[in-house]
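Asks: Residue numbers (numbering that gives the first Met the number 0): 0 to 560.
No lab work stands behind these hints, which were simulated from the structure alone. Since we're looking at a predicted model, the values are computed, not measured. Possibly wrong hints are sitting among the right ones.
[As the list claims (entries may be wrong)] Straight line, CA to CA, 16 Å or less: simulated EDC-like cross-link-like pairs of lysine to aspartate or glutamate:
#	residue 1	residue 2
1	137	98
2	137	187
3	465	494
4	418	391
5	132	98
6	3	433
7	163	136
8	3	235
9	477	279
10	477	187
11	477	268
12	3	391
13	467	433
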Amino acid sequence: MELKRYLVLLRRWLWLIVAGAIVGGALGYGYSLFSTRIYRSTLILQINQGTDPLRDPYNSILTSQRLAATGVEQLRSRVVLEQVIRDLDLSYTLNRLSDNTAVQAVRDTNLIRVAVEDPDPARAQAITNQIAKVFIDKLSAFQQAGFRTAQEDLERQVAEARKKIDETQKALAPLGDANDPKALSAPEFVRTERMRLQLELTTLQSQYSVLLKSVQDYRLAASRNIDPITIFAPADLNTEPVRPRISTNTLIGLAIGMFLGLGLAFLFEYLDDSIKTSDDVARVLELSVLGNVVRFPKGAKGPLVAVDAPRAPYVEAYRNLRTNLQFSFAVDATAALVVTSAEPGEGKSTTIANLAAVLAQAERRVILVDTDLRRPTQHQIFNLPAEPGLTDVFLNEHALDHAVRETAIPGLYLLAAGKIPPNPAELIASPWMDQLIVKLKEQYDIVLFDSPPILPVTDSILLAAKTKHLLWVISAGKTRTDTLRRAREGLGQVDAKIVGVVLNRVAAGSGYGSYYYHYYSQDGTRKPSKSSALSPNRAHRSGNGKEPVATFEAPPEALSK
0 MELKRYLVLL RRWLWLIVAG AIVGGALGYG YSLFSTRIYR STLILQINQG
50 TDPLRDPYNS ILTSQRLAAT GVEQLRSRVV LEQVIRDLDL SYTLNRLSDN
100 TAVQAVRDTN LIRVAVEDPD PARAQAITNQ IAKVFIDKLS AFQQAGFRTA
150 QEDLERQVAE ARKKIDETQK ALAPLGDAND PKALSAPEFV RTERMRLQLE
200 LTTLQSQYSV LLKSVQDYRL AASRNIDPIT IFAPADLNTE PVRPRISTNT
250 LIGLAIGMFL GLGLAFLFEY LDDSIKTSDD VARVLELSVL GNVVRFPKGA
300 KGPLVAVDAP RAPYVEAYRN LRTNLQFSFA VDATAALVVT SAEPGEGKST
350 TIANLAAVLA QAERRVILVD TDLRRPTQHQ IFNLPAEPGL TDVFLNEHAL
400 DHAVRETAIP GLYLLAAGKI PPNPAELIAS PWMDQLIVKL KEQYDIVLFD
450 SPPILPVTDS ILLAAKTKHL LWVISAGKTR TDTLRRAREG LGQVDAKIVG
500 VVLNRVAAGS GYGSYYYHYY SQDGTRKPSK SSALSPNRAH RSGNGKEPVA
550 TFEAPPEALS K
């Protein structure tokens, strides 16, 4: 049952859900249509660790991946982005460029993807390439700076060693060559000094050779250990915008609008405590529904549809109500029945008029008494004079037989309201009304009283106390729960039986009339159907053999009270 209720709710608010989806889709499409086109340029960098033949290759790969993750943060850094702004003379702020730049390390690789978005595709490409260039230059300069200090120190030692060698050679030159025979005749101190300088020169030359080799080895090590960064895929010039995505935004708008419409439908349904179904009536009033009257179509001629369109499918609701009322009373017993509603505008006058018509069509003598002495309408429905009427009989200005008029429907009589009295409640509460009810029950099979609504005045409560029977008309989708409870409390003050409820103006297709609309054709003629012979609510002939009688749920009143 819960699923059925949700389906009914969706059907009732389908227009709102569809409207929300259309509006949402239109807004999404309009937003996409008038939004600035954004283009994206993408570049891929590859970061490798410096080569070292002694290093484990697997560790080198892991180190390269870590270097790539470090490079992501360096590429996003303020130093790089500010340098790009200066180099390209951009009108961007640092925050804007940062928001438009996406840097991401490709998982399980040593690759970095750099993407820049901009309204100008050429500028997006230029910014992407410049970011990579600035990053490579700065990282290379940083790594070179780490080796420069040690290299400069080695070069300084080489220069000092060279200088000492030159000085030693100059000091050794005047002392002559030790291999020259003439040098043998030189004094002892000259030979000793020449030997010392020769040994010192040999030592300095050895040191110089070692320092030169160290410089060469260091330069080679530096070149090997610098982490090379290469542009694996240069920035592309993408002429297809990445935003806005018109189809995606439209679909998102449709979905959001649909869900908003659905949410509003559930909200309205939650806030709406009006009576809509027979289950609601049973839950609030603990009363049975004797008839479900579907809302009249726009083509209905007037409120008296039982006469104007006797074969229309929605008239079956009143025949169904007639049948249920016959089970509520003893079939051959006379009955006086008050028909009323909680508030004005619920269609009780149209309901009682059509009920009276179908009762008369079943060969019953029926009199309809218009006791709504504040806003009488029955004389308008049956196109009869308003006077003389009930109040005229009460004032002894006319006899009852003279005031009662026969309608165009055989067996149906009307006692109109007559003059509007200043004190309707006193007339209803008078003993004279008791005598009138007894007299009418003697002359007619069924006496129907069209009474004012329960809440505004006490007329219907006073009249129900006299007839002991009341039929309650409720407008589906209009009458609220608290209104019904207050009316029920008022009726609880008198000894009157509520024989049942007529749920009026039920929406067509809500489950209460769809069977009969399919069972009958549009012009009111019956369609052949096996189910008509098998249904417990199948059509049957009334006593006169002319009117089909079938249980059905039909529509509300064109003239409401």
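Asks: Each hint should be assessed against the structure and marked as holding or not.
Replies: Cross-check of the supplied hints:
1. 137 with 98: Violated, at about 22 Å.
2. 137 with 187: 64 Å, violated
3. 465 with 494: 9 Å, holds
4. 418 with 391: Holds, at roughly 7 Å.
5. 132 with 98: 20 Å, violated
6. 3 with 433: 48 Å, violated
7. 163 with 136: Given pair residue 163, residue 136 is violated - Cα atoms ~39 Å apart, limit 16 Å.
8. 3 with 235: 57 Å, violated
9. 477 with 279: 13 Å, holds
10. 477 with 187: 138 Å, violated
11. 477 with 268: Holds - the C-alpha atoms of residue 268 and residue 477 are around 13 Å apart, at most 16 Å.
12. 3 with 391: The given pair, whose Cα atoms are some 53 Å apart, is violated under the 16 Å limit.
13. 467 with 433: 12 Å, holds
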